[in-house]
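> Given next are the chains, with one letter for each unit.
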Amino acid sequence: MKFVGASSLFAVTPSMANDTTTPHIVVVGGGFSGATCAKYLKMWGGSSVNVTIIEANPTYVSPILSNLVLNGQKTTSDLSFTYGDLSSKYGIKMIHGIVNSVDKINQSLTLENGNSIKYDKLVLASGIDFIKVNDYDVTKVPHAWKAGEQTNLLKEQIDALVDGDTFTMTIPAAPYRCPPGPYERACVVADYLKNVKGFSNCKVNVLDANANITVEADTFGAKFAEYGVEYKPSTTVTAVDDNTRTLTYTENGESKTLTSTVLNVIPNQKAAPVVFTAGVNSGNWAPINPLSYESVMANGIYIIGDSQGTGQPKAGHIGNSEAKVCADAILRTLNGVALYASPKTNSACYSPTSTTEASWLTAVFKYDANEQKMVIANKAAGGSATSNYSKMFSWSGNLFSDTFA
Amino acid sequence: MKTTSLKLSALASALILVGCGGSSTTDTAVTSTNSLSKISGTVPGTLIEAFCADGSYYKVKSTDNNTNEHPFEIEIPSTVSCSLVMTTNEDDEATKVITQIGVITSDANGTLFTASGDINLGNIPLAMDPSDINDANGDHVSDDILSIQVDGTLVVVELENPLDDDDDGLVNVYEDDDNDGIHNHDDDDDDGDNEIDIDNDPDDDGIDNDEDVDDNNDGYTDTPLPTTYTANAGRLLGSQCAQCHGTNGVSSTEWDSIAGEDELESEMFEDDEPIMSAQAHGYTSEEIMLIGNWLKTLKTND
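Taken in order, these protein sequences are the chains called G and U. Here my numbering is used: position 284 in the first sequence is 284, and no number is missing along the way. Here my numbering is used: position 258 in the second sequence is 258, and no number is missing along the way.
One chain only, chain U, in its complex shape (with noise of 0.2 Å):
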């Protein structure tokens, strides 16, 4: 496959020239489906994300195989459309590179597409050091933009990005406004007037909550409450993980997530960290059942 690296601002006004490249599209705005497009390839040690139109919010590690091209499969709604970000080194602060990823059909190029069957983009060469990219306010994201050739039979380029409000093929969320080194998504005060920001977009994904179907890109369309009470002894027993692993045991930090868990016992116990054991005798083994067949019915995050 063939790359590009474009200027933000270079892919900015090249989406004015090809404007009318005819990449007419359905409207998909805030439709939900059940229809999904695998978007596979390879790439360094990465952590793939997608920033969806709807605002979800999807995101993928990729598999260690012990070659330089460790293989991703994303899965992204075929009748949304979506930006690719991809973050080298994301565990690591220091070393962490993020990139943009753009695509190019013969109709056009832009960094928000639909793809409405799966696509392989193959091998992507992403930076694994901060100092290989363009970065001038070192906030770590890539000031190009990494473009791939794809077929524009099954992806349609979007023109209207309501996810860059900028239009420089940025996603808003790693754009870093008030200029600080700190990209939105790291930065509580993206506007740099020293105040917690408070608005109604609190993933910075550029989508109102009033219309975001992920309201914290914590990766699942956020659950409608009930309307009901309804008791479960798994479930407040297993709400005192939460401390740990996140609410719904689904954690927001390098801990594990523990929704879906299907061997909770033996991880349990058999967890190197001490503190997790010292809290696994403190429960006994029916209580722990009783976690567990509700970690179940949990949806995961990966």
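One chain only, chain G, in its complex shape (with noise of 0.2 Å):
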């Protein structure tokens, strides 16, 4: 009966009055896109709203440049970024925590903890889920296709080949996260093995479920062949054995079987788990209004990044850029505003294919308003070579700060 009484007192207390007229966006994800939406609708919204994100991690590692930890040139800790300026600059507030249940109606988050959170406009800025072809023990087959742990236990599994070893990666079959890098860490593993480590003998075997290359294919096939790759396009894994660290594949309808030193299997992809949680996939991808990147399934909710489903691709640096679209949506429909009616985004990345070199590609997205979604306006790509290599390090730079700081 105390409680009772306390809590309804507390109720009607100024603050709490306060505190429900200011708008609460939650922002569920600390990656590229979720602390880049946090930080902007703080430095475009102020005091006018209050931020949340909640995150598992309270460190997060960057998958973009991780590729380079795997050859020795950066440490994931080199690639961590905490959440402390988005505390302290913009007055963020962070929880560590995982959401287990979404109420659409009641405008409400359950974590895994059992504490509930409501508000006002969600964001999810989770990233990606995988699809395994069969349950297998990722410690043995990593894919390190999010950037922590998995990325150093690739690199032991790597720095313990010896020469006359073999390394395989799977690419999974497109839309999947960062497009180039899968070609861009079959290079640096095979620069890696021959010029660093000097092993002439080491095989590298790259299967791709999709039929080319999907970006940068003469850049990535000249590499290729500069380092003895073995390239199979139009494969499709269908079983991985992670103790003899033997694939199952089709090719050309014919099944076949690879044993490998290191098997770096990098799944299928589908939106992360918060997205299916809250009802608003269809199929694997969550469809949004490219306007504000809200859900077409669920006012209010919005979806950034990796789990969105239109034809943007899936990386870092876009998933920053669509982030400054949505923070300014949520604004503008927060104080009646219309949306603005031609947002652009854009694209970019540096893909390392040496200790030395790195390629780059760019793309600028417009919104076709016939079409109701974003098309290329322009892109271009720029070939390997040592000028890129340290071009690299100015474009993620700026990248990391303008998310992270």
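Be a bit skeptical, because a hint or two may be false.
Claimed, not checked - Incomplete in silico selection of chain U near chain G, CB under 10 Å:
#1 Pro-226
#2 Cys-241
#3 Thr-247
#4 Ser-252
#5 Trp-255
#6 Pro-274
#7 Gly-282
#8 Tyr-283
If you're looking for bench data, these hints aren't it; they were derived computationally from the structure. Note that CB positions come from ideal geometry on N, CA and C, so glycine has one too.
Each of the two chains sits in its own frame; use the hints to bring them together as a complex.
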């Protein structure tokens, strides 16, 4: 009885009254898209909004540049970001936890620890989930497609290789996170084994679910030839044996097996679990309105980054880009201002291809009002060159600070 | 101008000896000011940084005039005490040399000073080669302070230095607390515990964020957050430049800052980076005009 009395008194205090009038935006996921969205909501909306990030991990390890952990040029701690600046500079509340359920009617989330949080607008920015072909141990067959422990596991396995051993990776069917990433990784590992370790008899196999190299085909194709990478397009992985590190796959309708000293299977992908929990998926991804990133299936829920279902690529740079359009759209909506009718987003990526070279790829996306979707306004690519290598860090440095600082 | 080199430890004891030298100062710790003093001189090609006691930060690069003596001017608050650090070969990790500057007046010497008027430091003979400095831990920060004699009527040496916790004269930012050969400024793990530092002083300047008027040493007083949202199409479009050029156009890498850019269209298309012109061709002239109008409202970094 005491508690009931106390809480009802509390509910009428002025501070609570204020809190209920300031809209609360909850961002689930603190990666490139989620952190950027939260930062820009506060940078542009200031004290007119309360912003909370719910993120499982206290430290975010960037997948961008993480292939350089494999060749020893970076460590995962070099690529780690915390949320101190977002809290101290922008007043964003950080909660480290996992969302268990989403109550769309009452606009409330329940966390794994039982706590619940009310929201006025909900942004889902939780990246990807994997579709594994069978149950296997990812510590034995790492994907290293979410950076951190997995990256270091793969690094350890690669460092244990001796001359004559085999490294095999599989590339998922598009769409998947970071289109150039798998090809970049194959180049970095092949270069590392051949030119850093000096192993002339190691074999690097790349089994690609796609019919061709999906991006920068000339650049990566030439590097594969230079390194002697065995590239098999249109292969579908059907089984993974983690004990023997054996793949079963189909190629030209024929079932084959391949055993490898190190096996790096990057599984096919779908939207993050919270998108399915919230029931805002259609198939594997979340359909949204590109003017706001609001779900077409539920009002007040926005999906940005790798989980969203437009044709835009799934990657950190464009996740940051989408986040700004989303943040501005939420603030417009809260203030009764019409959505900006012709937003632009962009994508850019520098990919290392060795310890000294990198290539790049970029695109601008514009809104096509007739098709009601984002289409390419311009795109270009630059081949592998030493001059691009240092620029890669000029690019990533500003991307990292625009997101986390 | 006369210059002398002092060992850091020697300077600390010198400071104690001159501790009663009458350098009484006004309390300037957190007062912000519009009044600026110009510190000038000549150097080899150099980055000049000023770390100030209120947490503010200023930097400038010397101007290449095709001689060995490049002129510079840096404006610092005239009522806040500051410390100067100069870096030669600042863009090259292998050959950069970082030197703490000290000042000597008739009253005292030290590395934190308040300049109530414009000061010309003359030619400053900075080392250009890491092999020319004493640098026990190899972090490219000279173990010696380069001290410069200045006129004591406009400069007051401060003996309490909040930017220098160990009182050796060198600002905290360029100390190497864990002696790993990476000075704190570049070290994500100052204490060597193998965990990324999480504290309330992420810019390592010794000024706690609660008192620091520039939490991240980006050269700007931290902008207070707005109280209301105002829609701005140029800002929305221009925010898409930030992935490569920094939030609000202020770059933290070698790539250009674009805050304050007043010739955006020609810069975008004439840039010798093909990745920039590829982006430029994705925008209409009207969009570029909107972005340009917004960028002109932003504070520049130089």
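> Next step is simple, just say for each hint if it's right about the structure.
Hints, one by one, checked against the model:
1. With 10 Å as the threshold, the beta carbon of Pro-226(U) comes within range of chain G, its nearest partner Cβ sitting at about 4 Å, so the hint holds.
2. Interface restraint check: Cys-241(U) against chain G, minimum CB-CB distance 9 Å, threshold 10 Å, status holds.
3. A cut of 10 Å between beta carbons decides the hint on Thr-247(U): the least distance to chain G is about 5 Å, and the hint holds.
4. Restraint check, Ser-252(U) versus chain G: the minimum CB separation of about 5 Å is within 10 Å; hint holds.
5. Checking Trp-255(U) against chain G: minimum C-beta separation of about 4 Å stays under 10 Å; hint holds.
6. For Pro-274(U), the suggested interface contact is upheld, since its CB lies about 6 Å from the closest CB of chain G, less than 10 Å.
7. A least Cβ separation of about 3 Å between Gly-282(U) and chain G falls short of the 10 Å threshold, and the interface hint therefore holds.
8. Proximity of Tyr-283(U) to chain G holds as hinted, the smallest CB-CB distance being about 7 Å (cut-off 10 Å).
Every hint from the earlier list agrees with this structure, and none is contradicted.
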